[in-house]
Every structure is written in C-alpha cells, then in structure tokens.
Amino acid sequence: MKRSIKTILTSVLLLSISSLVFSDAVIEDPLERKVLDIASKLRCTVCQNQPVAESNSGLAKDMRAVIKEKLQQGKKEKEIIQFFVDRYGDYVLLAPPKKGSGLPIWLLPPIFLLGALLFAIVVMKSGREKKITTLEPLSEKDQERIRYARKAMDESGEDK
Amino acid sequence: MQGFWDNYLIELGHLATFMAFVVTVFQAAAPWLATRLQAPAVARSGVMASYIVLILMTIGGATLIHAFVISDFSVKYVASHSNIDLPLLYKVTALWGGHEGSLFLWAWILAAFTTLLAVQGKRLFPLRLSVMMSVQACLLLGFLGLILFLSNPFERLLPAAIAGQDLNPLLQDPGMAFHPPMLYFGYVGFSIPFAFAMTAMLTRWETTLWIGLIRRWTLFAWAMLTIGIMLGGWWAYYELGWGGYWAWDPVENASFMPWLLGTALVHSITVQENRRMLQTWNLFLAISTFSLSLLGTFLVRSGVLSSVHAFAVDPGRGVYILLFMVTVLVIAFGLFLAKGRVDSEREAITSFASREMLFVFNNVLFSVLCLSVLVATLYPLALDAVGEKITIGVPYFNSVMIPLFFLVILLMGIAPATPWRKVNLERLWARLWLPTVLAVVAAIAIFSWDSQAHWFAVVGTGLVTFVLLAMLIDFVRNARRRAKQQNENMMTAWLQLVRRNRRYYGGMFVHFGILIIAIGMIGSGLFRSEQVVLMAKGDVIELGGEKLRFDGVKQFKKDNYFSLQGQFALLGTDIVIQPERRKYPVQEAPTTESGIDSTWARDVYVVIGEVVNGRYSVHAYVNPLVQWIWAGGFIITFGIGWSLSQRLRNKRASAVVAGKQGSVA
Amino acid sequence: MTRHIWWIILPALVLLVGLLAYGLTSNPKHIPSPLIGKAFPTLHGKDLNGNPVTLGLVDNKPTIVNVWASWCAACRSEHNVLLRGARRYGDSISLVAINYKDELPNARRWLSRLGDPYQWSFHDLSGRAGLELGVYGVPETFFINKQGIIVEKISAPLTDKMFADGVALMYK
Numbered sequence: 001m002k003r004s005i006k007t008i009l010t011s012v013l014l015l016s017i018s019s020l021v022f023s024d025a026v027i028e029d030p031l032e033r034k035v036l037d038i039a040s041k042l043r044c045t046v047c048q049n050q051p052v053a054e055s056n057s058g059l060a061k062d063m064r065a066v067i068k069e070k071l072q073q074g075k076k077e078k079e080i081i082q083f084f085v086d087r088y089g090d091y092v093l094l095a096p097p098k099k100g101s102g103l104p105i106w107l108l109p110p111i112f113l114l115g116a117l118l119f120a121i122v123v124m125k126s127g128r129e130k131k132i133t134t135l136e137p138l139s140e141k142d143q144e145r146i147r148y149a150r151k152a153m154d155e156s157g158e159d160k
Numbered sequence: 001m002q003g004f005w006d007n008y009l010i011e012l013g014h015l016a017t018f019m020a021f022v023v024t025v026f027q028a029a030a031p032w033l034a035t036r037l038q039a040p041a042v043a044r045s046g047v048m049a050s051y052i053v054l055i056l057m058t059i060g061g062a063t064l065i066h067a068f069v070i071s072d073f074s075v076k077y078v079a080s081h082s083n084i085d086l087p088l089l090y091k092v093t094a095l096w097g098g099h100e101g102s103l104f105l106w107a108w109i110l111a112a113f114t115t116l117l118a119v120q121g122k123r124l125f126p127l128r129l130s131v132m133m134s135v136q137a138c139l140l141l142g143f144l145g146l147i148l149f150l151s152n153p154f155e156r157l158l159p160a161a162i163a164g165q166d167l168n169p170l171l172q173d174p175g176m177a178f179h180p181p182m183l184y185f186g187y188v189g190f191s192i193p194f195a196f197a198m199t200a201m202l203t204r205w206e207t208t209l210w211i212g213l214i215r216r217w218t219l220f221a222w223a224m225l226t227i228g229i230m231l232g233g234w235w236a237y238y239e240l241g242w243g244g245y246w247a248w249d250p251v252e253n254a255s256f257m258p259w260l261l262g263t264a265l266v267h268s269i270t271v272q273e274n275r276r277m278l279q280t281w282n283l284f285l286a287i288s289t290f291s292l293s294l295l296g297t298f299l300v301r302s303g304v305l306s307s308v309h310a311f312a313v314d315p316g317r318g319v320y321i322l323l324f325m326v327t328v329l330v331i332a333f334g335l336f337l338a339k340g341r342v343d344s345e346r347e348a349i350t351s352f353a354s355r356e357m358l359f360v361f362n363n364v365l366f367s368v369l370c371l372s373v374l375v376a377t378l379y380p381l382a383l384d385a386v387g388e389k390i391t392i393g394v395p396y397f398n399s400v401m402i403p404l405f406f407l408v409i410l411l412m413g414i415a416p417a418t419p420w421r422k423v424n425l426e427r428l429w430a431r432l433w434l435p436t437v438l439a440v441v442a443a444i445a446i447f448s449w450d451s452q453a454h455w456f457a458v459v460g461t462g463l464v465t466f467v468l469l470a471m472l473i474d475f476v477r478n479a480r481r482r483a484k485q486q487n488e489n490m491m492t493a494w495l496q497l498v499r500r501n502r503r504y505y506g507g508m509f510v511h512f513g514i515l516i517i518a519i520g521m522i523g524s525g526l527f528r529s530e531q532v533v534l535m536a537k538g539d540v541i542e543l544g545g546e547k548l549r550f551d552g553v554k555q556f557k558k559d560n561y562f563s564l565q566g567q568f569a570l571l572g573t574d575i576v577i578q579p580e581r582r583k584y585p586v587q588e589a590p591t592t593e594s595g596i597d598s599t600w601a602r603d604v605y606v607v608i609g610e611v612v613n614g615r616y617s618v619h620a621y622v623n624p625l626v627q628w629i630w631a632g633g634f635i636i637t638f639g640i641g642w643s644l645s646q647r648l649r650n651k652r653a654s655a656v657v658a659g660k661q662g663s664v665a
Numbered sequence: 001m002t003r004h005i006w007w008i009i010l011p012a013l014v015l016l017v018g019l020l021a022y023g024l025t026s027n028p029k030h031i032p033s034p035l036i037g038k039a040f041p042t043l044h045g046k047d048l049n050g051n052p053v054t055l056g057l058v059d060n061k062p063t064i065v066n067v068w069a070s071w072c073a074a075c076r077s078e079h080n081v082l083l084r085g086a087r088r089y090g091d092s093i094s095l096v097a098i099n100y101k102d103e104l105p106n107a108r109r110w111l112s113r114l115g116d117p118y119q120w121s122f123h124d125l126s127g128r129a130g131l132e133l134g135v136y137g138v139p140e141t142f143f144i145n146k147q148g149i150i151v152e153k154i155s156a157p158l159t160d161k162m163f164a165d166g167v168a169l170m171y172k
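Residue numbers (the working numbering), protein chains in the order written: chain A, 1 to 160; chain B, 1 to 665; chain C, 1 to 172.
There may be inaccurate statements among the hints.
[As the list claims (entries may be wrong)] Restricting the straight-line Cα-Cα distance to at most 20 Å, the calculated cross-link-like pairs of lysine to aspartate or glutamate (DMTMM-like) are:
#1 K99/A x E388/B
#2 K537/B x D574/B
#3 K547/B x E32/A
#4 K389/B x D90/A
#5 K38/C x E79/A
#6 K75/A x E132/C
#7 K484/B x D474/B
#8 K61/A x E103/C
#9 K70/A x E132/C
#10 K68/A x D86/A
#11 K38/C x D90/A
#12 K38/C x D86/A
#13 K38/C x E388/B
#14 K41/A x E79/A
#15 K389/B x D86/A
#16 K78/A x E132/C
#17 K389/B x D249/B
#18 K146/C x D91/C
#19 K34/A x E542/B
#20 K99/A x D384/B
#21 K172/C x D59/C
#22 K98/A x D384/B
#23 K68/A x E132/C
#24 K125/A x E347/B
#25 K70/A x E32/A
#26 K98/A x E388/B
In short, the hints are calculated from the structure, not lab data.
Make a model of the complete structure from these sequences and hints.
And the structure:
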C-alpha cells in the first residue's frame, strides 16, 4: 500500500515538473551577451579588482568596444583574450592561467581537500577506547600507615 | 557654560579612554600580580576592572557621539567625517565612518563582551575567571594602544574647521550604517571562545567542562557576522550599481574567513557535546577563528591588498596591527602546540557512517574553503614578491568554492537523517530515496528548460531540492512519532516539536535559510540578463522578459546633494524605475543610485551613466530571485534567535561545571 | 604520528607573517609589461595638426614614445624632464608622443604653454592606440632600440635618471 502511494506521488510530481519543459527560455541580444561574457573574464587594470564587464572607467569602456569590434570581425574568444594578455600580461585575466605561475593556485584546493580528508579519517580512526583503570593494590608502606591511623582513632575513643 | 562644556567634553572622553587603558593594564596583570603578592583578592579584582573599563569607554564613546551630534569641528575626526547638513542618524553612525572611530567601536564592544563574560563567569567558573579577564584585557590593550597612540579619534583640530568634510556619501545609507557594528559584534564575539581556549590551555581546564558554555557565544557571534556580511552584500547590491553583491574582494574575503571557520566551530561543538571527540580540534578552531578576525582587521586597514573597498591607508597603523597580530598568533598557537592536549580521553569513531563523521566532513569542507580563500587572497601578494603579477578574481573563486559548497549542501541533507554512532544504511536510504529521485527530476527539468545553463545551475537545483525534501521528511517523521507518543494531532505535534526543541529546529531554520539563499544565488548568478546601451528619450530595450522605455531625466536638490534622475517606464506595469546620479557638493564625489523594481520573482535593475552624443549610457539587468537572498538572511537570523531562546536549565549548568556531565547549554 | 602534523602550524605562520610584512612594503599597483622584448607594433594615424604619422621606429633612430594627456596632472611633473632630455640627446634619438584620449584644442594649448619636446604627437582620441600598447594609465613611456624592439616600458612619471637609463638600454 505504501509503495503504491510513493509511486503515485512520484508520477504526479514528475508530470507537473515536466510541464516546465514547454516554457520558453529567455532570449537576448547574443552579441552583447558575448561581449559581456568575455569582458567578465578580463580585469580592468586601472580599477581595484573589477571585471571589465562591470567597470565604468574609460579603459574598461574602450576594452568593451574593442571586444565588440573583434567579435564582429569574427575573432574567437580565445584570440580576443590572447590579444589583451599579449599587451597587459597575465594580470589582465581574472582567473589565473592554468599553467606557469598560475598552476599552483589551481592545484592547491584539491590538494587541501584530499589532505584534510586523509587527516580527518586517520585521526578519527585512532581515538583511544576509554580505559577501565584497574586499581593497583596498596603498597606495604600505605598499608602500614592505614593500620597506624586506625589504631590512633580507636585509642582516642572518638566517634567515627 | 554651555560653550565650555561643548569644548572640553571631548577631552573628558579622551581622559576616560586613557584611564581605561591604565585599568586594562592592571586587569591584564591581575592574575600574575595575585600570585606574586600571594593575594587571591587581587585576581578577583580583574572582574571589577572590567566593569570600570566599560564605564570609562562608554564615557569616551558618548563624548565622541556628542561631538558629532553638535557638529564640533574642533575634533579632527568629526571634521573629517561629518557635516552640518548631515541627517542626525548619519551623524551618529559617522562614529564608525573612519579608522579611528571604528577601532574605538571595536574596543568598546570588546570591553562590553568582557563584562558580560564576567557576569556569566562569576556564577559558572569563578576560579578561572581572572585568567579569562586577563586574556581579554591583553586583547583590549592592543586596541587601546592603537587608538590612543596611533589612531586617535579625540585628536583636536585647532582652530576648529568651519565646515566638516562630510561623511563619505557611500556611507550615508541605512545598510552601510549598520554593516560595521554587526561585523564587529561578530569579530569580537569570537574572542570569547578564544578566551576560553587560552584559559583552558593556561590552567589545564578540560574542554568538556566549558564547551557547552561557548556554544551560545559562538552562535551569537556567527549570527552577527552573517548579518554583517548580508548587510554588506545587500548594500553593495543596491548601492554600487553593478547588480551584484559579492565580488570575492580581499576585504570581503577578510570577513568571510572567520564566518567559514565559525560555521565549522558551531558544528564541531555539537559533536563534542554528544561524543567524547574533537576536543583538540575545537581548541584549535576557537583560536583560529578569532585569529582570522584579527587578520581580517589587519588586511582591511593596512593597504596590503588592492581592493574595491578603498579604506584610507596608513603604513604605520599597518605595522602596529601586524606586530600585535603576530604576538597574539605566536602566543596562542605556541601555547596550543605546547599544551594543546588538555583532555585525557578521546573516543574512537564507531563507524564512518554516522552523524559525527558527517560533521567531521562538514568541518573538513569548511576548513578547506577557508584555507582556499586565504591562500587565494594572499597568492597575488606572494607572486609579487617574486616579481610577477596575476589576478585571482571571481571566475577562480566560483570554480573552486561552488563545488565545495555543493558538497556542504549535500551533507546538510544527509546529516539530519543519520543518527549518532552508527547508521543503518538501508534505513537511511529508505528516508532519502524519494528526495534523491525528485532531485534528479528537478535537475533534469532545469536543464531542459534552459540547455545553455551552466552545470552549476543544474547540480545546484538538484541539491537544493534534495535537501529541502530531506528536511521536510525528517520534520514529518519526527512530528508523526511525537503525535503517536503524546497522543496529539499532527498540527499540535508540529508546533510542540518546534517549541520544545528550539536548539534543533533553530538549526533547521538556519539550514532552510541557507537553502533559500542558495536558490537566490542560483537565480541571480546564473540566470541573469544584462545590457549596456546608449538610450535617447523614447527608446525601448528588452531583456529578461521585461521591456523598459526611457522617458528622459529630472533634476532636483535634496538634503546635502544634487540629483539627476532617469525615468524608466516598465512597460506592462505602472512602475517607473528611477536611477540617479548624485553630486555631494562638499565631498565632490559623484555617486550613482541604482533604480530597482523588486518582486519575489526578479529585480529589474537600472543604472544611468554619462551622456554620449545626446544619449544616456544605460546599464540594465534583470536578476531573477535575488530578493530570496535577503529573505534567507532574515530566516537565518530568526533561526539563530530561536535556537538561542532554548531555556537554560540552571541545575544542569552547575552540574556541567562540576564535571558531572557533558554540557547541554 | 598525527600529533606531529600540528607542527605544520609553525612554518605556515612564518610564511603568513613574512608575506604580510613584505606586503606592507610593496606597491600593489605596478604591472610589469609583457611587451618588453617584443617589437613595437606599427600604428598609423594623425598627429595634432592633422598630418599622417606612423608610430614605431622614427627616422631609423632609437625612439622614445611618451604617452601623455593635458588632463593628466602627473604628466606635468615629467614634462621638464622630457624637455631636458630632448635637448641633451636630441640628435641621437627620436622623441615622439601619443596624446591619449585628449581633445585637440586642450592638447595644443598644453604644448604651447609648457613647451613641445616631441617631433610630433600621435592623436589617439579613442584610446585604441594605447590599448594596442597595453597602456593602462598616463604617463607611460616606451623605449625602442634600433631594431624596433621595446627595451623598456615605464609606467610612472619620468625622472632624469630614468630617461638616461632608458637611453643607455636603447643603445646596448
């Protein structure tokens, strides 16, 4: 009985969600989109940490104009980005290149993840079980002291 | 007489702050003095000292605020950050409009929290309280030293300036006005777990005995940081005009790192409260989280990293903060390496398929996230030392951080269904198979709706669906169980469940808030439309399913600025979107105010720029679901409040201190 | 074994602190140019009087190309350096300029008031020429040797010493 309820629920939900398949996706000017797309990968070199797509500085506007021109000339994204890198260096790329001096920064996060996982697993496995401490038998000296103390108490006649 | 007071009141504040410095020196030295002089009463006076320091610093702060309110331009700080025409609210919030004042605020909050700690400690841990006071005092000394000798808000400008230089227009804004104090509550809040950790290492205090006590402090600090970061993002969104809210900028990262570790700490504390594990790790986390608060303070004020948040930079201040931070780090971590093992026993993991292991993975992920942000923020600086320049910007951070966050969200769905110690995998699957299936369906639906969508959107939607459903199923299961046990109907069961398990359901609310934020980020980050065009009056543009018609501009004067306001009619509605370009004559810095029309479905966001050949440069965006992000922030805040409202049962608290049981605070 | 892994904190701290201390002393704005060692691109355009000119090696002599604008305050401070340099090295080098994103009347007025050390100034109203050269701010100066290779690019106002050093590099 429970199983068939689950099946019915699943089918209903599947049907309702699949209706979304028939709704229209959003359309906009593809050239502008491409310009902003490429511009969002380049850094505005006169700004503090802003992509060319977002900056209002003169240089950023010029760069966007150049990108648009080159796209209209039929240049590919890779060529356009390389154009700027040739003139401004790797600094103009918002994400460091995956080779040379940029390589370490791409490798480090996965290394951190693996390292941390390993560390966690090894450490968690190695916890000690709680020891049940057995009482050691009293030494001779201690037993002597106890006998003496008991004697002293009996002799003094005090209440225990 | 009035004039006399107005002129010299600020000096009273200066004197009070200096006296606070002196008393703090005593507070820091109290335990050591007590041992030297063989007089335990001296140690206890550290508590009284904290009250006095707070009173003195309140006097100092009050005189500063007073100076702002009466526009006393003989005070250099007031002259640099205020103006006669400034609205009253901003005259007060201008207190933290610059370095000197915001450092003073930091110090005041530290003094206030120390006093609260003293009140709590007198009842719960009187024997170690003096050491804790000393730790806090040392921290406060660092800040007071900076304030009094390098960055003094009480400095006079004689003869007084005739007019003030006005508050930075970007800060004349409700969001920005409260962003710094919230952040500072968070940063300073993490000093409390730090103080506990330091005291534990200095006095051999088993973590089990106090870990429950810092849970609420940690939650509170985390909540404040969350609110502060959210306010910053919200402000950046509607104020800065680029339609976004987070740029992985070094200053933003500086606040994000303690947030990440703070999240890890909140979860690892829970593990230690349920199992005898992660004691050393908690110690390490408590120290590291606060260290990141200090690092954040350094990064932001020293000018070491280039950032959009251009704070005024002073290398002298930078050197001081660096030295102070190094001292704290060396002492704290040195102590940790030498004496970090304050606990005797540690349990081994029963099974890797257990809730504690999932929490461990949570900590692994958040630690890796934090470390990655730290390294990425500092890497350009490191390369600079070898003579190379690269940029690590948004595309990098998105590629690295988002997949890790996806893993975090996945854990969020699995953990509530997983019991402590060991889970029966069949039972777990029985609870999670339906969310999994529907998650896949949702992912496929998004993909078929927009096949150009980035894979982040597809996977993200699937994960969010998974967790939402998993949480719902968990809630229903628990309610059903309670309804059966307590003989209640489902409605009552639900209500009572949430009311009586505030800690747990507060946490669930917070997780829910995170999911809402995730939905908002997927929508606004991955499905955004934008256009940059030149528009003449009457032009219409179309984007993201909306049409905008430019109807010219209006010009007017208000308060302390002049405005040029664009009129954009949103076709199909009565709404007119009105972005502005403002000029503040005193500061001469023009600012743009974005025009935004918000609904739960999307924001239409318009920025008006300069005139080119008689046409206005217009940058327009449609951001779907962006308001969900701020809504999520509210849900998180409510969730924390709910969790913290769990009533403490006093008898149990004392039992914790006496070591009779693990904490339940 | 796992206990000892905590000691990784030590070198990490040292690295962090060292890096931050270094950071306090460095200037985060200077960008090294990838164009050094490459040939100066040939760019055609007009000078301030409308005559056609070509940027690159001029008169087959090592050439200095200075980027300036009338709206640039820092350009003023280096202007006398350029005047002196033009006089001292006049015959052995060519000195031309790019007038970057400037209106003609403003540019002409600036030169007539302060003196014109250049053989001519390429008028780059749109900034495209600057973009071709990786210019990101004003003033900047390129030093081109006899083979047409850029031997140095300075992204700051020139001093007499920089001028002299640049000339030496051009003749190496």
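Unmet hints by their number, sorted upward, for this structure: Going through the list in order, the structure violates no hint and respects every one.
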